[in-house]
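Q: Sequence:
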Amino acid sequence: MAIRGETPRPITRLALVGPRQEIELAVEHGDGTFSATGSLVSDRWGAHELVPRSDDYRLVVTLAGDVHASARAVVTAETVPPVRSDLLRAELRADAGTLVLRVAAPLGDDERGASAQKRLEKQYRRRTAAPENAVFFESFYSQTVACNPLAIDRELARVRPDVTRYWSVVDRSIAVPEGSVAIVEGSAEWWRVRADARLLVINDWLRKRWMPRRHQTVLQTWHGTMLKRLALDRDGVGLRTRIAVRRESRRWTVLLAQNPYAAEILRRAYAFGGPVWVEGYPRNDVLVHADPAVRAAVRERLGVQPGQRAVLYAPTWRDDAAQIVDFVDLPSLPAALAELPGEHVVLVRGHSRTLRHGRNLDAPGLIDVTTYPDMADLLLAADVVITDYSSLMFDVTATSTPLVLFAPDREHYESELRGFYFDLLAEAPVTVTESRDALLAELARLAAGGDGAGASGAMQAWRERFTALDDGHAAERVVARVLAAGMLDAG
Numbered sequence: 067m068a069i070r071g072e073t074p075r076p077i078t079r080l081a082l083v084g085p086r087q088e089i090e091l092a093v094e095h096g097d098g099t100f101s102a103t104g105s106l107v108s109d110r111w112g113a114h115e116l117v118p119r120s121d122d123y124r125l126v127v128t129l130a131g132d133v134h135a136s137a138r139a140v141v142t143a144e145t146v147p148p149v150r151s152d153l154l155r156a157e158l159r160a161d162a163g164t165l166v167l168r169v170a171a172p173l174g175d176d177e178r179g180a181s182a183q184k185r186l187e188k189q190y191r192r193r194t195a196a197p198e199n200a201v202f203f204e205s206f207y208s209q210t211v212a213c214n215p216l217a218i219d220r221e222l223a224r225v226r227p228d229v230t231r232y233w234s235v236v237d238r239s240i241a242v243p244e245g246s247v248a249i250v251e252g253s254a255e256w257w258r259v260r261a262d263a264r265l266l267v268i269n270d271w272l273r274k275r276w277m278p279r280r281h282q283t284v285l286q287t288w289h290g291t292m293l294k295r296l297a298l299d300r301d302g303v304g305l306r307t308r309i310a311v312r313r314e315s316r317r318w319t320v321l322l323a324q325n326p327y328a329a330e331i332l333r334r335a336y337a338f339g340g341p342v343w344v345e346g347y348p349r350n351d352v353l354v355h356a357d358p359a360v361r362a363a364v365r366e367r368l369g370v371q372p373g374q375r376a377v378l379y380a381p382t383w384r385d386d387a388a389q390i391v392d393f394v395d396l397p398s399l400p401a402a403l404a405e406l407p408g409e410h411v412v413l414v415r416g417h418s419r420t421l422r423h424g425r426n427l428d429a430p431g432l433i434d435v436t437t438y439p440d441m442a443d444l445l446l447a448a449d450v451v452i453t454d455y456s457s458l459m460f461d462v463t464a465t466s467t468p469l470v471l472f473a474p475d476r477e478h479y480e481s482e483l484r485g486f487y488f489d490l491l492a493e494a495p496v497t498v499t500e501s502r503d504a505l506l507a508e509l510a511r512l513a514a515g516g517d518g519a520g521a522s523g524a525m526q527a528w529r530e531r532f533t534a535l536d537d538g539h540a541a542e543r544v545v546a547r548v549l550a551a552g553m554l555d556a557g
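Count along the sequence shown from 1, add 66, and you get the number used in the working numbering.
Hint data in this document are derived by calculation from the structure and do not stem from the laboratory. Heads up, some of the hints might be wrong.
Simulated crosslink set (SDA-like; lysine to any residue; CA at most 20 Å straight-line) [as the list claims (entries may be wrong)]:
hint: 1; residue 1: LYS274; residue 2: GLU187
hint: 2; residue 1: LYS274; residue 2: GLN183
hint: 3; residue 1: LYS274; residue 2: VAL236
hint: 4; residue 1: LYS188; residue 2: LEU272
hint: 5; residue 1: LYS274; residue 2: ALA329
hint: 6; residue 1: LYS274; residue 2: ARG306
hint: 7; residue 1: LYS274; residue 2: VAL284
hint: 8; residue 1: LYS184; residue 2: THR194
For each label pair, taking beta carbons as the anchor points, the in silico distance ranges come out as [as the list claims (entries may be wrong)]:
hint: 9; residue 1: LEU298; residue 2: GLY163; range: 45 to 55 Å
hint: 10; residue 1: GLY408; residue 2: MET277; range: 52 to 62 Å
hint: 11; residue 1: PRO430; residue 2: THR142; range: 47 to 57 Å
hint: 12; residue 1: ASP392; residue 2: ASP122; range: 17 to 27 Å
hint: 13; residue 1: MET67; residue 2: ASP392; range: 27 to 37 Å
hint: 14; residue 1: ARG79; residue 2: ALA429; range: 12 to 22 Å
hint: 15; residue 1: ALA429; residue 2: GLU244; range: 29 to 39 Å
hint: 16; residue 1: GLU244; residue 2: PHE393; range: 33 to 43 Å
hint: 17; residue 1: PRO76; residue 2: THR230; range: 51 to 61 Å
hint: 18; residue 1: ASP161; residue 2: GLU94; range: 32 to 42 Å
No residue lacks a Cβ here, since even glycine has one placed at the ideal position from N, Cα and C.
Kindly produce the complete structure, drawing on both the sequences and the hints.
A: Encoded structure:
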């Protein structure tokens with residue numbers, strides 16, 4: 067992208083600043099003028115060359131002497147042509163006294179907007195499908211490529227490379243696995259694949275825009291064993307929600323559960339009458355195998371230095387809050403951990419439901435990893451994990467990584483928001499802390515070499531109940547069952 071304008075003094079920084087990403091532009095000066103160039107493609111997390119997430123990026127101008135200037139005073143939006151490509155749409159526009167680069171998914175003019183989507187949906191419902199021996203993958207409403215669908219993709223690519231693997235993504239800022247095909251949600255091709263693919267693998271709701279076809283199978287992997295109550299099990303569920311839950315679950319052919327406990331709850335909470343495969347969680351295979359080389363590579367991508375103790379803070383979302391909850395004063399946490407033995411770095415991971423609403427945290431000794439695509443990598447990289455009511459507690463306990471539960475709003479969450487399936491204080495095999503001081507005390511104990519409860523009788527009983535099938539081969543079992551059931555044509 068190229069920007070030109072006039073400036074009364076040299077520009078020391080010109081950047082496009084968004085909630086989750088900043089794009090620096092290189093500036094050259096002339097006689098009272100300047101030109102700036104920068105690529106909208108960047109190598110985030112050291113893995114892929116990707117365009118920015120769909121969002122607004124404010125043009126920030128800093129002049130010599132650390133003077134912040136109005137972007138509109140030095141640049142005219144009309145002088146910067148819109149960008150149209152297979153990867154994104156971008157347009158610089160005036161907004162609230164400044165200039166903003168609005169980045170959007172690369173949908174065509176005939177695909178953008180509510181009326182275009184209604185037309186495409188009508189065509190989707192009317193057209194006769196042409197069955198394709200392909201899989202449509204979707205993770206967390208196309209917001210990421212991760213979780214159980216990703217692990218199943220990797221195993222399917224290994225044993226059936228002839229099968230086309232499509233990944234639904236909200237935009238092209240999301241990297242898809244090697245050999246797979248990215249399809250942008252809402253595009254004409256996206257609608258086609260949803261109709262034609264023989265198998266759909268999802269980990270959340272399909273939503274109302276899907277219509278079942280006779281040749282299609284839906285494998286609902288879900289995204290975690292549950293402490294917090296779900297769907298029809300929640301108190302005060304209204305009629306409309308009950309109807310929506312039952313309508314959604316009728317779209318699923320098979321449901322995957324990590325353990326018998328989760329299978330029972332999922333079947334009841336979603337009024338699901340189909341088969342439930344209890345095979346462990348494919349997403350945890352990488353944790354059980356725990357390849358040291360992979361762990362080292364992930365830590366390097368994240369910016370964790372050799373010898374640092376990585377503390378991952380990953381709370382679940384709250385029904386009454388759009389952004390990540392922070393009961394611990396996260397920006398100050400690294401300074402508190404500096405008092406402990408060893409060198410610490412804090413990794414902060416917001417839930418996928420907070421991804422589009424919050425901003426990255428920025429503080430010394432803290433790395434915001436909310437946009438990192440796969441949670442399994444983060445768990446692999448962590449030396450200690452802090453969570454609250456998230457299903458992460460079950461995944462972490464399949465490993466030897468120390469886990470601390472931080473639950474300062476436990477009573478409110480249990481009585482007002484969701485409710486729990488069991489008594490967390492009575493049954494958790496690790497320390498449950500309910501204040502910042504208690505959390506820091508537990509982290510200090512662990513940093514000093516304290517036992518992470520991995521060998522305790524309570525932990526062994528917990529693992530037998532929840533993670534006995536997380537043996538590193540869950541994806542193999544699931545894909546084998548998919549193929550044996552004839553959900554895809556024989557190779």
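Q: Look at each hint and say if it fits the structure.
A: Hint by hint, here is what the structure shows:
no., hint, result
1, LYS274 - GLU187, "holds, 11 Å"
2, LYS274 - GLN183, "holds, 13 Å"
3, LYS274 - VAL236, "holds, 17 Å"
4, LYS188 - LEU272, "holds, 17 Å"
5, LYS274 - ALA329, "violated, 24 Å"
6, LYS274 - ARG306, "holds, 14 Å"
7, LYS274 - VAL284, "holds, 14 Å"
8, LYS184 - THR194, "holds, 18 Å"
9, LEU298 - GLY163: 45 to 55 Å, "holds, 49 Å"
10, GLY408 - MET277: 52 to 62 Å, "holds, 55 Å"
11, PRO430 - THR142: 47 to 57 Å, "violated, 38 Å"
12, ASP392 - ASP122: 17 to 27 Å, "holds, 24 Å"
13, MET67 - ASP392: 27 to 37 Å, "holds, 34 Å"
14, ARG79 - ALA429: 12 to 22 Å, "holds, 20 Å"
15, ALA429 - GLU244: 29 to 39 Å, "holds, 35 Å"
16, GLU244 - PHE393: 33 to 43 Å, "holds, 40 Å"
17, PRO76 - THR230: 51 to 61 Å, "holds, 53 Å"
18, ASP161 - GLU94: 32 to 42 Å, "violated, 26 Å"
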